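Student: Listed here are the chains, written in short residue letters.
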Amino acid sequence: MSGEIDRSWRDPELLVKALPSVILQTAFFLAPLLMTVALTFQQTKNYQLQWTWSLFVWTDIFSKGHYWTILGHTLFMAITCVILCLVIAFPVAYALATRVRAYQNHVKVLITFAFLTDATLKTFGWVLFLDKNGAANYLLQQIGFPPAVVDILFTDWATMLGMVYNLLSFAIFTIYLSIDAIDRSLILAAYDAGASKFRAFWEVTLPLARPGIWAASVLIFLLAVGVFLEPKVLGGGKSPMSAELIRQTFETRVNWPLGAALTLVLMTVAVFVVLLFNRVYSLKRHMGPV
Amino acid sequence: MAYPTPTPWMNAKTEARVANVLLYGSVAAVLIFFYLPIFTLIAFSFQEGRYPTLPFEGVSLKWYGALFENSGARDALYNSTVIAVVATVFATVMGSAAAIVAVRYKFRFRLPFTGLSAAPLAFPQLLLGIVLLLWFSVLGRAFDFNTGLVTAIIGHVVYITPFALVIVAVQVFNFDATLEDAARDCGATTFEVYRYVTLPLLWPGIFSAGIFAFLLSWGNFYLTYSLAGSTRTLPTFVFSGIATGSSPLYPAIATVVFIPGILLVILADRTRRKAV
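Sequence lines, in order, name chains A and B.
Position one of the first sequence corresponds to residue 1 (our numbering), numbered consecutively onward.
Position one of the second sequence corresponds to residue 291 (our numbering), numbered consecutively onward.
Because the hints were derived from the structure by calculation, they are not lab data.
For clarity, every value in this text was computed on a predicted model and none was experimentally measured.
Just to be clear, a hint being listed does not mean it is correct.
As the list claims (entries may be wrong) - With a straight-line cut-off of 27 Å between C-alpha atoms, the simulated DSSO-like cross-links for lysine-lysine are:
hint, chain 1, residue 1, chain 2, residue 2
1, A, Lys197, B, Lys352
2, A, Lys132, A, Lys45
3, A, Lys132, B, Lys352
4, A, Lys108, A, Lys197
5, A, Lys64, A, Lys45
6, A, Lys64, A, Lys197
Bound conformation, chain A alone (with noise of 0.2 Å):
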């Protein structure tokens, strides 16, 4: 609807509006990126940075099987998590677009109120919940359990738990609105055209809503591969991920620039796996109907 102006880039009155932003993830995200990468091709000496230029990190990083085996194991949770949370999220979604119209609001209130509770917090109580002698064994115990059914905490399973609970949100909304974009009238023409429902949804629905499903991938891939609090709380630290590998190696091992190669490749291999997905995508979309 708003039209788009044509503006010189140093147009006094862009450039007002834009440099604020522009400077300050320039000097606190780009910047602070690329020093990321100048350390990772030095030294520490007894816990002390030393700025001589070596690849002994690196050399370090490829040849431990370790840090490769932990970052399988990340990019198989995360992977996990997304298809976790897109089953779990589309038919919500559908349903806020759809359906619960009286009650939209009030439900995305609700969504967006659980969404912006602090993740500590919220893993905390899940903690409670979930532990030997928490909440949820003392209920099902009440109506006649044995005690300690409910004991996935300090595992896998917990881990796995946490990560869709504070990653959901993310797949809810961004699918909301993109099924919530679509011309009603392409679905009403479906059905005069003599498709059930089902198909309707199945061959309309569905193929409009995928930039949405897409996008809340790549989002919930992305911030999956970087939990830490999750598998420390809830997962006890027994399986480590690539996260808690990282922090401990700043923080217990104080190696920055171990810790910072290790950051990058995290990052590097999280951006890999999303562009491949992405050409694979696009590849089956040219060689005929998904």
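Start from chain A and add chain B according to the hints.
Tutor: Same frame as chain A, now just chain B:
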């Protein structure tokens, strides 16, 4: 609309019923899922006994009293408030301005500009925190300062500005630019156009961006944890409490952290409805 069609495996009525059960059911299930840990925390904060276990020894508000006598918790409350207020102002103003630029103007560096301004959105917070911590450590050595309140605020602004940008951008998309032209034709100056046309029309978006920004900062753990040095906010205070063994004091803090959230979300909903 509901056109009767021959279906191979279900008639239209059953199909609709199954779909409805599935859809309403999923909404209900997800809401329960979202609020389970939150209600668990709130419930445990009223526990009388020494440990957060069931069954309750009694219901009391004594942990809330203990909370306000605990100087660590008071400091944390103060720090959280300062960081959130300052970060909200900066992030909302910068994000709104950047949103207008990204959506309204066509210019040479539009794509790199939008990419750079929105990039931290898809960057894991913990890693952003670490990268910034390294940066502040190097700068701190050069200019002799330590991480603390200010570095935490900078971290929050970097992370939250892109959120504000996206939220305001949605509002800018639906903005009718001819209204600005009309004002200009009537002789309004650039400032007047902004003051009386642009800002009022974008206000709902800017307002929700502000509330979002406040809550993201208020409840932020990862960035504060990396960047605040020895300064504690409510979330990092709770985290240190989980590590050292729980007492119902921490659920009580958690409940206190929820309160501004609930109030602001309700307020935002009210204003939005008035605007519509």
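Student: Flag every earlier hint the structure violates by its number, smallest first.
Tutor: 1, 2, 6
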